[in-house]
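Peer 1: Chains as they are written, first to last, in the numbering used here: chain Y, 1 to 107; chain B, 108 to 226.
Read the hints as simulated data drawn from the structure, not as lab findings. All residues carry an ideal CB built from backbone N, CA and C; glycine is no exception. Possibly wrong hints are sitting among the right ones.
[What the hints assert, rightly or not] Quick partial rundown of chain B residues pointing at chain Y, CB under 10 Å, derived from the structure: (1) V119; (2) G122; (3) V144; (4) N157; (5) D169; (6) Y206; (7) F213; (8) T223.
[Unchecked claim] For lysine-lysine, the following DSS-like pairs were computed, each having C-alpha atoms within a straight-line distance of at most 25 Å: (9) K159(B) to K183(B); (10) K107(Y) to K39(Y); (11) K39(Y) to K50(Y); (12) K172(B) to K159(B); (13) K183(B) to K150(B); (14) K107(Y) to K42(Y); (15) K165(B) to K183(B); (16) K45(Y) to K103(Y); (17) K50(Y) to K159(B); (18) K42(Y) to K103(Y); (19) K150(B) to K45(Y); (20) K39(Y) to K165(B); (21) K39(Y) to K103(Y); (22) K50(Y) to K107(Y); (23) K150(B) to K107(Y); (24) K45(Y) to K159(B); (25) K103(Y) to K50(Y); (26) K150(B) to K103(Y); (27) K172(B) to K50(Y); (28) K50(Y) to K183(B).
[Stated by the list, open to error] With the Cβ distance kept under 7 Å, some of the chain Y side facing chain B (calculated, not the full set): (29) A43; (30) Y49; (31) L54; (32) P59; (33) R61; (34) Y87; (35) Y91; (36) Y94; (37) P95; (38) F98; (39) G100; (40) G101.
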Amino acid sequence: DIQMTQSPSTLSASVGDRVTITCRATQSISTWLAWYQQKPGKAPKVLIYKASTLESGVPSRFSGSGSGTEFSLTISSLQPADFATYYCHQYNSYPVTFGGGTKVEIK
Amino acid sequence: EVQLVESGGGLVEPGGSLRLSCAASGFTFSRYWMSWVRQAPGKGLEWVANIKEDGSEKHYVDSVKGRFTISRDNAKNSLYLQMNSLRAEDTAVYYCARYDGSPRSFEYWGQGSLVTVSA
Numbered sequence: 001d002i003q004m005t006q007s008p009s010t011l012s013a014s015v016g017d018r019v020t021i022t023c024r025a026t027q028s029i030s031t032w033l034a035w036y037q038q039k040p041g042k043a044p045k046v047l048i049y050k051a052s053t054l055e056s057g058v059p060s061r062f063s064g065s066g067s068g069t070e071f072s073l074t075i076s077s078l079q080p081a082d083f084a085t086y087y088c089h090q091y092n093s094y095p096v097t098f099g100g101g102t103k104v105e106i107k
Numbered sequence: 108e109v110q111l112v113e114s115g116g117g118l119v120e121p122g123g124s125l126r127l128s129c130a131a132s133g134f135t136f137s138r139y140w141m142s143w144v145r146q147a148p149g150k151g152l153e154w155v156a157n158i159k160e161d162g163s164e165k166h167y168v169d170s171v172k173g174r175f176t177i178s179r180d181n182a183k184n185s186l187y188l189q190m191n192s193l194r195a196e197d198t199a200v201y202y203c204a205r206y207d208g209s210p211r212s213f214e215y216w217g218q219g220s221l222v223t224v225s226a
């Protein structure tokens, strides 16, 4: 099984900060990686798919990069609505798996 | 508008059974793979099962193989998860999700249904 490791697990930041979350796979997944945002009590929402493609309707301050085993999600200027938990997810092969999550908190 | 609405969750004793349902609308259900993804309280996301458009292919995470069965009824635009031999570690919110696979993965999600396994 492909394991996905996210770092950091918690991130404290201020509105306007640039933040980056990293995700590492235990083997190459090409660009079969998605990023999800989840707020308390809500279903996850897709932000990025295919490692770097922005989902329709998602603000352009979100961007994704990487391929193979190293990936990142960047928020260029953190907004109040962005305080949430973020998950990376590989869908290169079964079982599809998720990272452990990164909680972005208000500093 | 795509809508996925889960139902059937609740409290069940260890060893018991439960059947979750997901009613789909706003898209041609029979043209998409569908999935169940769960989230234990305070924990991360875990994929549970996928089913092909016509039901001919299914995949499961190892921890539920032999206990859970995913199925669908395309005439009723409905997805199901039959859960048997439930364990405390199956306690979670279960989400129904539309699975694209390429280029996207889980594109649309339901609101979730809580399953609690406890004596």
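Peer 1: Enumerate the violated hints, using their earlier numbering and listing them in ascending order.
Peer 2: 1, 2, 8, 13, 20, 22, 27, 28, 31, 32 and 33
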